[in-house]
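Participant: Position chains B, C and D relative to chain A; hints supplied.
Protein chains: 4
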Amino acid sequence: MEKTKIILAGPRGKMGSEALRLIQHTEHFELVACLDRKYAGMKVKDLEGLPPFDVEIFTNPQEVFQHMHADVLIDLTSPEVGYTHAKLALENGIRPVVGTTGFTVEQLEELEQLSKEKGLGVVIAPNFAVGAVLMMQFAKWAAKYFPDVEIIEKHHDQKLDAPSGTAVKTAELIKEVREQKVQGHPNEKETIDGARGANFDGMRIHSVRLPGLIAHQEVIFGGTGESLTIKHDSYHRQSFMNGVKLAVEQVQKVNAFVYGLENLLE
Amino acid sequence: MEKTKIILAGPRGKMGSEALRLIQHTEHFELVACLDRKYAGMKVKDLEGLPPFDVEIFTNPQEVFQHMHADVLIDLTSPEVGYTHAKLALENGIRPVVGTTGFTVEQLEELEQLSKEKGLGVVIAPNFAVGAVLMMQFAKWAAKYFPDVEIIEKHHDQKLDAPSGTAVKTAELIKEVREQKVQGHPNEKETIDGARGANFDGMRIHSVRLPGLIAHQEVIFGGTGESLTIKHDSYHRQSFMNGVKLAVEQVQKVNAFVYGLENLLE
Amino acid sequence: MEKTKIILAGPRGKMGSEALRLIQHTEHFELVACLDRKYAGMKVKDLEGLPPFDVEIFTNPQEVFQHMHADVLIDLTSPEVGYTHAKLALENGIRPVVGTTGFTVEQLEELEQLSKEKGLGVVIAPNFAVGAVLMMQFAKWAAKYFPDVEIIEKHHDQKLDAPSGTAVKTAELIKEVREQKVQGHPNEKETIDGARGANFDGMRIHSVRLPGLIAHQEVIFGGTGESLTIKHDSYHRQSFMNGVKLAVEQVQKVNAFVYGLENLLE
Amino acid sequence: MEKTKIILAGPRGKMGSEALRLIQHTEHFELVACLDRKYAGMKVKDLEGLPPFDVEIFTNPQEVFQHMHADVLIDLTSPEVGYTHAKLALENGIRPVVGTTGFTVEQLEELEQLSKEKGLGVVIAPNFAVGAVLMMQFAKWAAKYFPDVEIIEKHHDQKLDAPSGTAVKTAELIKEVREQKVQGHPNEKETIDGARGANFDGMRIHSVRLPGLIAHQEVIFGGTGESLTIKHDSYHRQSFMNGVKLAVEQVQKVNAFVYGLENLLE
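Residue numbers (my numbering), protein chains in the order written: chain A, 1 to 266; chain B, 1 to 266; chain C, 1 to 266; chain D, 1 to 266.
Take these hints with a grain of salt, some might be off.
For chains that are exact copies, the list does not tell them apart, and a pair is met inside one copy or across any two.
Pairs of lysine-lysine residues, derived as DSS-like cross-links and limited to a Cα-Cα distance of at most 30 Å, are as follows [to be verified]:
1) LYS43 with LYS87
2) LYS189 with LYS38
3) LYS144 with LYS14
4) LYS181 with LYS5
5) LYS5 with LYS159
Hints are computed from structural coordinates only; laboratory data are not their basis.
Chain A on its own, in the form it takes in the complex:
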């Protein structure tokens, strides 16, 4: 099998350095260059804490996309920079895989248009955790048959917002298919405020915060005489790399614009 030639943007970030390790341990992946804000002309192996790739770092995206022969760009930078990188990559015949939640609708439409013109695959993913994305898809499926559902998400106690973004996203997906209803007994009463959790369109979401925990979510469906639970435990950000790997493999097979990892998980 021919190796996939990859340019990585953002090698020094938490996600970027995991992506370097992914490439290092994947036989059919090959790193050909990195794109960074700094360190032009240095090698990846010169930077502390990164795998010893004998591969050059560029700071000018135009330059790296034109002069290096590559199949795929993995971009793990910021929304603003990621958008520019993705556009330039496409214009130079390179398929972008971008991890971000921050693109505007206009930016997404522009990239989709460019993807069509060039006939090149693009993958934009707000969430690369295959397990979390499957959990949400299963939950959406189950909600058609079990309209009674509650979500429990558990995180470490340094997390500021409750419910978590993933819990809200899950509830939104469920809402698309769930027969609208208010759950619980019509006369139920909270003897202490908040006991029944957050009310999202009649469903309930509960947020647990404890030291020691990492990132966990359960979606519980109840029906007559049975319950069905879908649970995801995230122990380490390495988990995102399963999705990056999948996206890099698929972006070369599809010649279309794909938003959301779920569309690669048939």
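Facilitator: Below, chains B, C and D without anything else, positioned relative to chain A:
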């Protein structure tokens, strides 16, 4: 909405009596007759422990299918009887919903042929528990992306066989799509025999038996830095009625032969 | 071993009929009489739905305690009646085991005093579920070392109050030993009200209500790098009978007044 | 409050470096010296990856115990060295806290004797994870009332032995108090070998091995109509530091020899 007219075969069995309660509590369902081995001419309400339906019991299937106007036959008897009932029902323009694991391939083919000729829907389901069927479908889906999987099933301690039929069925479905591999460390060692559970095609199945438990199963997928768990808890045989209800509703919309509830759960 | 001679008060209630089955299936227990509001002179076996004991029913407590030779009274009636029964039993040399949450402090003190005078054991228990009582004791113990704790209780959706009585009782027991603190990040924010659950002295309690569920509770403790969970699942009211059996056995060994099953679980 | 003056042996090991961070973040702890095989005369802050303590490293135990004024020795080295260190520390009036499973009975007896002579506390602990130790104590307690119990332990798939040491230790503790019995139905049959797990004195132990998992154990008790589960999740070796902290605090209050953290958890 017009009510669905139903003939129920096997009203005195555990499943049959639950089906009576289902019909009783479903506004758009109407019981028009029962088919039983005994009690010809009596009413359902005359039998102890059954809901007070003022509906006649027949022992002759030919007679009930010809003389009672009905849309659907729910058959919760035995494989032999169920097959004869389903055939006669189809011949009389009634759509059968049959719960059984016991039909032969020939019987299934014959019913499929008859369904085609008559242009009438048929649903044959080995398992009517919607939650359990969804668990198996989700597991099959997840196994494409997570080839490392173990199953833990837990039942009351009066159960004779281990692993359970559902656990084996789940493993078979996973096997269809899972990249073949032997899990665990190549040098792993059991210091007490059986610790690593039953080996099914490289996957592991663990059977817990304890008093108090009813019927529970977890399918656990592990990937780098994450795990995904699908869990079904069955607390009462009423849970099968969700699937019976769905089948009765769907058998009137499809004009085809359907084997397995999963094919009604898009 | 000599059999324990038992008088049962309240044989027709849900708990009472389970207690009859307990006595029926316990070799060293023997039913000598029942005490009821009705059916004086009839036999237990004459009442529909009860085990076929050839044992007489009394409506006059004085009469049954004086004329029947018995070791233990199991009282599963109401607080008012239970108090009178317990007192009369003690006065007649019979040790009472009473399941109730409704006694006043004065009534408890009076029974304790009478127990001392007579040198006879008494067991009064608000909760006979051994598993639930152990869960609470373990939680109280763990809270000394893990002050960060949240409680998730799950019940069927016909339950009216949230949080459940057991959850509040658990939190009260934890509060007795837990280093007082407000959990979670000081700046945490609920983007939907109630997400973080009910606040009980800085701990959080979450109440899930779904059809299919029965009665379940988890107490989750978090510490640096670890979590400890104590979980109780109640599937059937039979579970209370473990505690009734234990109380009947122990009330004959202790010659003291015991309030709460936890004091019999060393 | 006066600070506890601590000498740490083994600062460069995985556990030792966590202990340095513990001291760094505990207000009432103060590091006065380290004991190592190498780097005599250097400072802790000179070693890469360690917290910036301006504290000297010694290689001669006699010297550090005699010349540095300290209250407690934390020893996280090896059994052979740890024994010598503990003895010397006691002889110099310093209370040792040692994490090891490797001491011989003779060594333990000798340390106990020395502790008595000097009237100084000693804590030797095979396991410093407070959560795991509590799980085992709770399991031992529950087993008195629920003789039916199964253990499920889950670890990453690089673990070689099954069942885990903690699972076997838990089963041994349960065995001390559990009414001996063979669990499951007398006629139960494994249709695939190993389904019912490892048989330890009639109890069953199941070992799950999956990538992504860290170290998890559940002890499940079943009784009529209920189940009770005690679960410990270990996400990071930092969790051991809760126990080290407790041991350092307690070793100054007790003037006795203590083997096993459980004896400090009343």
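Participant: Would you mind marking each hint as holding or not holding in the structure?
Facilitator: Going through the hints against the structure:
Taking CA atoms no more than 30 Å apart as the test, LYS43 paired with LYS87 passes inside one copy only; the shortest distance there is 25 Å, against 53 Å between copies. In this homomeric assembly, LYS189 and LYS38 never come within 30 Å of each other (Cα to Cα): the closest approach is 58 Å inside a single copy and 36 Å across copies. Taking CA atoms no more than 30 Å apart as the test, LYS144 paired with LYS14 passes between copies only; the shortest distance there is 27 Å, against 38 Å inside one copy. In this homomeric assembly, LYS181 and LYS5 come within 30 Å of each other (Cα to Cα) only across copies, at 28 Å, whereas the closest approach inside a single copy is 51 Å.
Taking the shortest alpha-carbon separations for LYS5 and LYS159, neither the intra-copy value of 37 Å nor the inter-copy value of 35 Å comes in at or below 30 Å.
In this structure, the earlier hints numbered 2, 5 are contradicted, and the remaining ones agree with it.
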